[in-house]
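**Q** Residues per chain, in single letters:
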Amino acid sequence: MNTFLVFLQEHIEMVYIVLLSIFLGIEVIGRVPSVLHTPLMSGANAIHGVVIIGAIIVMGQVEADDWLALSIGFLAVVLGTLNVVGGFVVTDRMLEMFKKKK
Amino acid sequence: MELNLLTLCYLLGSLSFIIGLKMLSHPDTARKGNWVAAAGMAIAIFGTIFLYNEDGVKLGNYPWIFAGLAVGTIIGTLAAQKVKMTAMPEMVSLFNGMGGACAALISIVEFRHLIHTAQLGLDSSEIKLSIDTVTLLIIFAGLIIGTISFSGSMIAWGKLNGKVKDLAFNGQQMANNVLLIGILAFAAYLTYNISNTNFFWFYLIAFAAVLYGVLFVLPIGGADMPVVISLLNSFTGVAAACGGFLYDNQVMLTGGILVGAAGTLLTILMCKAMNRSLTNVLLGSFGGSVKGEQQAVTGTYKEISLSDAAICMSYASKVMIVPGYGLAVAQAQHICHELEQLLEEKGVEVKYAIHPVAGRMPGHMNVLLAEADVNYDALLEMEDANNEFKSTDVVLILGANDVVNPAAKTDPASPIYGMPILEVEQAKTVIVNKRSMKPGYAGIENALFFQPKTSMLFGDAKAALQKLVAEIKSV
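Same order as they appear, the protein sequences are chains R and B. Start counting the first sequence at 1; every next residue gets the next number (this note's numbering). Start counting the second sequence at 1; every next residue gets the next number (this note's numbering).
Read the hints as simulated data drawn from the structure, not as lab findings. Hints may be right or wrong, so weigh each one.
[Stated by the list, open to error] A partial selection of chain R residues facing chain B, derived with a Cβ cut-off under 10 Å:
| # | residue |
| --- | --- |
| 1 | ILE12 |
| 2 | ASN45 |
| 3 | LEU79 |
| 4 | GLY87 |
| 5 | MET94 |
In this text, a Cβ means the ideal position worked out from N, Cα and C, and glycines have one as well.
Okay, chain R solo, but in the shape it has when bound (with noise of 0.2 Å):
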């Protein structure tokens, strides 16, 4: 329990960001029309995307001779960035599709 509180103690301003992003999370998609429910989903993904900071980090503080972290992180990074790219490029050619046409 004590290892909790400290955690706790030390990570506080983390904690809070957790509290408030989650109820950002759910009341800035709140409204959304269901006509782009799957451009958001598709958006929602990319972002998650975001854990590609973390790959990056791991391959970037490996040993430069340990090569199965290094081939486990490049896998990462690749992983990462596809979740990045690919769901912003995807994202955009289904929004593009919205474009009111005259």
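Chain R is already provided as a structure; the job is to place chain B on it using the hints.
**A** Just chain B now, kept in the frame of chain R:
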């Protein structure tokens, strides 16, 4: 000073995610919102590469990092640009799985690193390793959630493109729960009792989580995949947030939690539009919990010939098209637009009635029809459409079933009772294009098909529309 600059990058990143999501939920700003979020992501990524340092040590292995980014960017862009509009849901699922796998891999590398550091200077006899419990818990959380999201998304992807069939066995639900509880209990045990002789069990947990993801998605019907993808989407968000805790990284935390929360809400919204609860979707089989006797649906249906249908539509003054799952599967959106133009040339007013959950994903129909250059203004949302059916001469239903089933309004025992539907029976004539009389995914008969004003036009949506267009041209 460099560190402060990175903090600024992360602040900009987090802000852009929030603004981007906000803009994404309005039709006029959605496209810009996507790029706002993408720009924030770019700032956060390049900020990390060039400015991140821990205790004064900057990141190394630049060639590897840039090679990884380049490979991912090229494949990601190509895949995203080549994919057909009808295959969008699969694509989203696939990218989501990649994100989940990324989170899981990070956990694996971090775990190896932790064990390696803790083992330094120890001999081989069993010693409890002194590793920070909370860090280990976060690593486990990232591993388990990320892995489930990965394997679940892969199965969802396979189901949507027809490569994976539904599979359910007796007691599957029980087996899944036992497996999940086993994974969690074992992870908790390892967290508190990690020693230099048992740490490889970590990988067993990863394997079990892969298995759980597979078993979790397998029994869920293909038509429910959007809900599952949306749920797994929010899982990946949470997995990314675990990384945020691991590295004290605010942008990962905000991004992850925002998506986790928004994804969960979106999942619930999708379920609501289908008048189902999330548990009902996840436990599989639609209608399994229905009590009471449903009203029997009997009677005879009548077929309509192509030429009759063509004449009927050509001389109407207003036609409403109701597209559904069948249109998406047959990829008939272009020929459908052609039909619309042909009728407009003959002076017929043509509109589309879009049910919120028509197609493979909520909003999917709008995307498909927009791809075929259908005017945005011709697409009516459910409420507007229901007001216009009274003045409509012909309703043409293309592969939709449950969203036009009057049982949702009239039969309290029906599993879809209470679901908002398109009230097509208010129109003068209804023509239904379906491949057969088989029920939709709710597994219930549709009384609409047996009504006197309804006639059936059997066949694949694309083939039937092609013939119909040819007939109308000759009218």
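**Q** Look at each hint and say if it fits the structure.
**A** Now the hints, each set against the structure:
1. ILE12: This interface hint is violated because 12 Å lies over the 10 Å limit.
2. ASN45: Check passed: Cβ of R/ASN45 comes within 5 Å of chain B, closer than 10 Å.
3. LEU79: holds, 4 Å
4. GLY87: holds, 5 Å
5. MET94: holds, 5 Å
In summary, the one numbered hint that this structure violates is 1.
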